[in-house]
Amino acid sequence: MYGVKPRNHRRDALSLSQVPILIILLVYFAIIAYPLFWILMSSLKTTEDISVNIWALPKVPQWHNYTDAWRFGISGYFINSIIVTVSTIFAVLVIASLGAYGLSRFKVSWLKYVLIFVMGGMMLNPQVCLIPLYKLLTALKLRNTYWALIIPYTTFRLPLNILLIRTFFLSIPKEIEESAKLDGCTNLQTYARIFVPMSTPIMITGAILTAYYAWNEFMFAIIFIDSNKYRTIPAGLMAFRDALQINWGPLIAGMVIASLPLVLFFLFAQKQFIRGMTAGSVKG
Amino acid sequence: MTKRQLRTTFEPVLFVLPSVLLLGVFMYYPLVQNFVYSFFRFSAFSSSKVFIGFQNYTHLLKDDIVITALRNNLRYAIVSVIFQVCFGLVLAAILEDRAFRRVSPLFRTMFFIPVTISISVICLLFGFIYRPMDGLLNQFLSLIGLDVLTRPWLGSAKTAIWATIAVSQWQSIGYVMMLFIVAIQKIPEELYEAAEIDGATKIRRFFAITLPQVKEMFFVTTLITVTGSVMVFNEPYILTQGGGPGTSSITIAVHMYQSGFFKDMMGYASTLAVVIFLISIILGILQLAVFKSGED
Chain A
1 MYGVKPRNHR
11 RDALSLSQVP
21 ILIILLVYFA
31 IIAYPLFWIL
41 MSSLKTTEDI
51 SVNIWALPKV
61 PQWHNYTDAW
71 RFGISGYFIN
81 SIIVTVSTIF
91 AVLVIASLGA
101 YGLSRFKVSW
111 LKYVLIFVMG
121 GMMLNPQVCL
131 IPLYKLLTAL
141 KLRNTYWALI
151 IPYTTFRLPL
161 NILLIRTFFL
171 SIPKEIEESA
181 KLDGCTNLQT
191 YARIFVPMST
201 PIMITGAILT
211 AYYAWNEFMF
221 AIIFIDSNKY
231 RTIPAGLMAF
241 RDALQINWGP
251 LIAGMVIASL
261 PLVLFFLFAQ
271 KQFIRGMTAG
281 SVKG
Chain B
1 MTKRQLRTTF
11 EPVLFVLPSV
21 LLLGVFMYYP
31 LVQNFVYSFF
41 RFSAFSSSKV
51 FIGFQNYTHL
61 LKDDIVITAL
71 RNNLRYAIVS
81 VIFQVCFGLV
91 LAAILEDRAF
101 RRVSPLFRTM
111 FFIPVTISIS
121 VICLLFGFIY
131 RPMDGLLNQF
141 LSLIGLDVLT
151 RPWLGSAKTA
161 IWATIAVSQW
171 QSIGYVMMLF
181 IVAIQKIPEE
191 LYEAAEIDGA
201 TKIRRFFAIT
211 LPQVKEMFFV
221 TTLITVTGSV
231 MVFNEPYILT
241 QGGGPGTSSI
251 TIAVHMYQSG
261 FFKDMMGYAS
271 TLAVVIFLIS
281 IILGILQLAV
291 FKSGED
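Residue numbers (the working numbering), protein chains in the order written: chain A, 1 to 284; chain B, 1 to 296.
Hint data in this document are derived by calculation from the structure and do not stem from the laboratory. All residues carry an ideal CB built from backbone N, CA and C; glycine is no exception. Take the hints with a grain of salt, since some may be wrong.
[Said to hold, decoys possible] Where chain B lies over chain A, by a calculated footprint (3+ residues, C-beta under 8 Å): (1) 43 to 49; (2) 144 to 151; (3) 224 to 233; (4) 266 to 278.
[Said to hold, decoys possible] Below, computed lysine-lysine pairings styled on DSSO-like, alpha-carbon distance capped at 30 Å: (5) K112(A) to K3(B); (6) K3(B) to K229(A); (7) K181(A) to K107(A); (8) K158(B) to K141(A).
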């Protein structure tokens, strides 16, 4: 997938000793795959069918579960998630790349303290800030607005993104910057016209990491928003479950809708997705 | 100062200012504020606070739920290191072995899919799997004749925490496996070829080459999973309605949430946040130490 060298073909055939390992792999495969298949299958069944014939395929596919889920409120949560996720990605990339430029292209002694300030943020656990952040957002009258999620999400994704982009900027040769300066570019122009376009790969990595976080974040989403109007998908699904009670078909269809964007993105852009997710291993 | 000097002094300020402001106002200020809050008694719904000194801290020492919660966090950490780190590494080594070259992309992709799914979807799914009567797990156990094992997984104080921990493993093994796959792919092929010529078995090659070569990743993933175990919130919050039955599956983060937002003891919740902070600081310093030693 990513630069695996072609290896010796002679040993490709499975030998007898590998059969037990293959069985373990297949069992684990079933443990992962079956529940996923079960959601897809059950999303097309009636509630009674889900409960009574849990193993059976839908008799008549209930496609209306999807339209019901969409009408009963998933559409709103979905749109909120898109608004919050896209805004967060945009804010993180702009602010982090500006910061990364400042931290990599100037030789001023106090910048090393800024760098420590940023790195310290990597270690900080969002839960530690929960109570004061709740009070602060309330005082600023930002609770129950999109900002209540966009601002904390952006802030808590900044350190990782600044460090990632900074590492990339440090690898850009000094000559490129100097020739831009000779052409009369200011720093801001050098940043916008040369550094940003050159760093597309790392920006994509940062965008994936941020999207993954913003699309799935749960704790801030349930605490900083309690108006149904602004709920994102992870929090919205909880409200959806409570509202639907035993109407399982649309609930499960809603779960599928909530998962599709990232799963499809992963399946079609595995390489980028994995590069992004593993870059975040500095802190998941 | 000339215009040029002014510029060289202030230009970097402009670049880093947005980052510093956001981090300062929405990360560091709340962090400091949290320490201050831990000495007060106050409510989520009013702005008045009463200074109570160390009362929250003495309450902390007498609070049995903290012990239950930390014990659950520790269980989370131990199980996660065994399943995610150890099993994840073995899985990665198997899938990177050339014997499985043809099937490994399929396995790899499937094992990673749960990572991309939101934790709330996964918890709702396992809510269905763990249902006492018509849940997939109990139905499956009956189907293969293991009726004796069926039980209300989330409804019993004995099993709730383990059932909750299992959900996290189901979701996250694929992530750690992928980190190890990336690390294993960086190992020079020559090392394996040389070992093969020497006649080393696969198991020996795993211990002699793979393991030492991914040592650093091993520490990183261990720290990630342990740090994650300290922060666990979503699974008990959703699956066991906030750590039930009783407080049997509560974690420290859920305890903080409930103290603050259900019992309206915001000051005490801040004190619990201080506990979380101290644990994550220790883990963070460990992480730095490991990275430092990796650089030499």
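How the hints compare with the structure:
1. Chain B is given as covering the stretch 43 to 49 of chain A, and this is violated because 0 residues of the stretch bring a CB closer than 8 Å to a CB of that chain, at least three being needed.
2. A stretch counts as covered by a chain when three or more of its residues have a beta carbon under 8 Å from one of that chain; for the stretch 144 to 151 of chain A and chain B the count is 1, and the coverage is violated.
3. Residue count for the stretch 224 to 233 of chain A with a Cβ under 8 Å from a Cβ of chain B: 1. That is fewer than the three needed, and the coverage hint is violated.
4. Proximity of the stretch 266 to 278 of chain A to chain B, defined as three or more residues with a beta carbon under 8 Å from a beta carbon of that chain, is established by the 7 residues found.
5. Restraint check for K112(A) and K3(B): the C-alpha separation of about 25 Å stays at or below 30 Å, so the hint holds.
6. Annotation: proposed proximity of K3(B) to K229(A) is violated, straight-line Cα distance about 51 Å (limit 30 Å).
7. Restraint check: the Cα-Cα separation between K181(A) and K107(A) comes to about 16 Å, which is no more than 30 Å; the hinted pair holds.
8. Only pairs whose Cα atoms come within 30 Å are accepted, and K158(B) paired with K141(A) is rejected, the gap being roughly 43 Å.
Going down the numbered hints, you'll see the structure goes against 1, 2, 3, 6, 8, while the others check out.
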